[in-house]
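Chemist: Keeping their order, the protein sequence lines are chains A and B.
Counting from 1, position 5 in the first sequence corresponds to residue 5 in this note's numbering; the numbering is continuous, with no gaps.
Counting from 1, position 4 in the second sequence corresponds to residue 4 in this note's numbering; the numbering is continuous, with no gaps.
Be aware that one or more of the hints could be misleading.
[Unchecked claim] Derived, one-sided and incomplete: chain A residues facing chain B with beta-carbon distance under 8 Å: (1) V17; (2) W53; (3) H64; (4) A66; (5) A74.
Calculated directly from the structure, the hints in this document are not laboratory data.
Here a beta-carbon is modelled for each residue, glycine too, at the ideal position from N, C-alpha and C.
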Amino acid sequence: MARVLLQVPATARKGEVIEIRVLIQHPMETGFRVGTVGEVLPRDIIRRFACTWDGEPVFSATLHPAIAANPYLAFTARAEATGTLAFTWSGDNGFAQTETRRVTVTG
Amino acid sequence: MPSRRAVLAALPAIAVIRPAGATPETMQAAIREFLGRDRPIQKGRVTMDIPPLVENGNTVPLSVVVESPMTPADHVRRIAVFTSRNPLPSVIVAELGPRAGAARFATRIRLATTQHIMALAEMNDGSVWSDTAEIVVTLAACVES
Numbered sequence: 001m002a003r004v005l006l007q008v009p010a011t012a013r014k015g016e017v018i019e020i021r022v023l024i025q026h027p028m029e030t031g032f033r034v035g036t037v038g039e040v041l042p043r044d045i046i047r048r049f050a051c052t053w054d055g056e057p058v059f060s061a062t063l064h065p066a067i068a069a070n071p072y073l074a075f076t077a078r079a080e081a082t083g084t085l086a087f088t089w090s091g092d093n094g095f096a097q098t099e100t101r102r103v104t105v106t107g
Numbered sequence: 001m002p003s004r005r006a007v008l009a010a011l012p013a014i015a016v017i018r019p020a021g022a023t024p025e026t027m028q029a030a031i032r033e034f035l036g037r038d039r040p041i042q043k044g045r046v047t048m049d050i051p052p053l054v055e056n057g058n059t060v061p062l063s064v065v066v067e068s069p070m071t072p073a074d075h076v077r078r079i080a081v082f083t084s085r086n087p088l089p090s091v092i093v094a095e096l097g098p099r100a101g102a103a104r105f106a107t108r109i110r111l112a113t114t115q116h117i118m119a120l121a122e123m124n125d126g127s128v129w130s131d132t133a134e135i136v137v138t139l140a141a142c143v144e145s
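Next up, chain A with everything else stripped away, as it sits in the complex (with noise of 0.2 Å):
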């Protein structure tokens, strides 16, 4: 399992904009990369992020080489219900990790 570091708020306002922070350690190799004996080194990145709050799409992302190691994005989403907020990382060599934070809404 890779680390991962989420900064989701715990409580929101209904229809409030949560700003919400992702990072996973991996070491997103390019492919272009040359090895100490000249090989070419292997690509292995993440391909696909995606956020869902209930089930519902929330924000998602195709990612290439040319994201930096230890992926981050920050985006947003709008609170309406209390429910859970999933997070899920997919990519080559069969890399696959979900987290799921609760986020309380009020008002």
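Given the coordinates of chain A, assemble chain B onto it according to the supplied hints.
Modeler: Structure of chain B alone, referenced to chain A:
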């Protein structure tokens, strides 16, 4: 055994084996592929925030903001970022909707060399808006291991 002259003559051919970098033409091809067909690209509504001069191309902070109310009737569908001289032109394609509440995101990207980059935003009505930026890179990404 090949003569030294023959080996030296073959060197440029060996250098070509390395992957060719993106050119403004491949960037245009990637943009066409992203849009699906040739569509007019208008300037404005998109604001890209990236430092004009970076020392290290391995991690360059980038944020993209699009002016949009993000309502079900009027929202941004996709935002894409392209580079002109990276090994591959595409950087990221983000999909958003009314649930995002605001049309903005931030990430960190790699830049192989001094170049210009372009952000495109596709609205739900099909219009496409853009912003471009020039970045000077003093130490490129991916050169050293």
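Chemist: For each hint, tell me whether it holds in the structure or not.
Modeler: Now for the hints, and whether the structure bears them out:
no. : hint : result
1   : V17  : holds, 4 Å
2   : W53  : holds, 6 Å
3   : H64  : holds, 5 Å
4   : A66  : holds, 4 Å
5   : A74  : holds, 4 Å
The structure agrees with every numbered hint stated previously.
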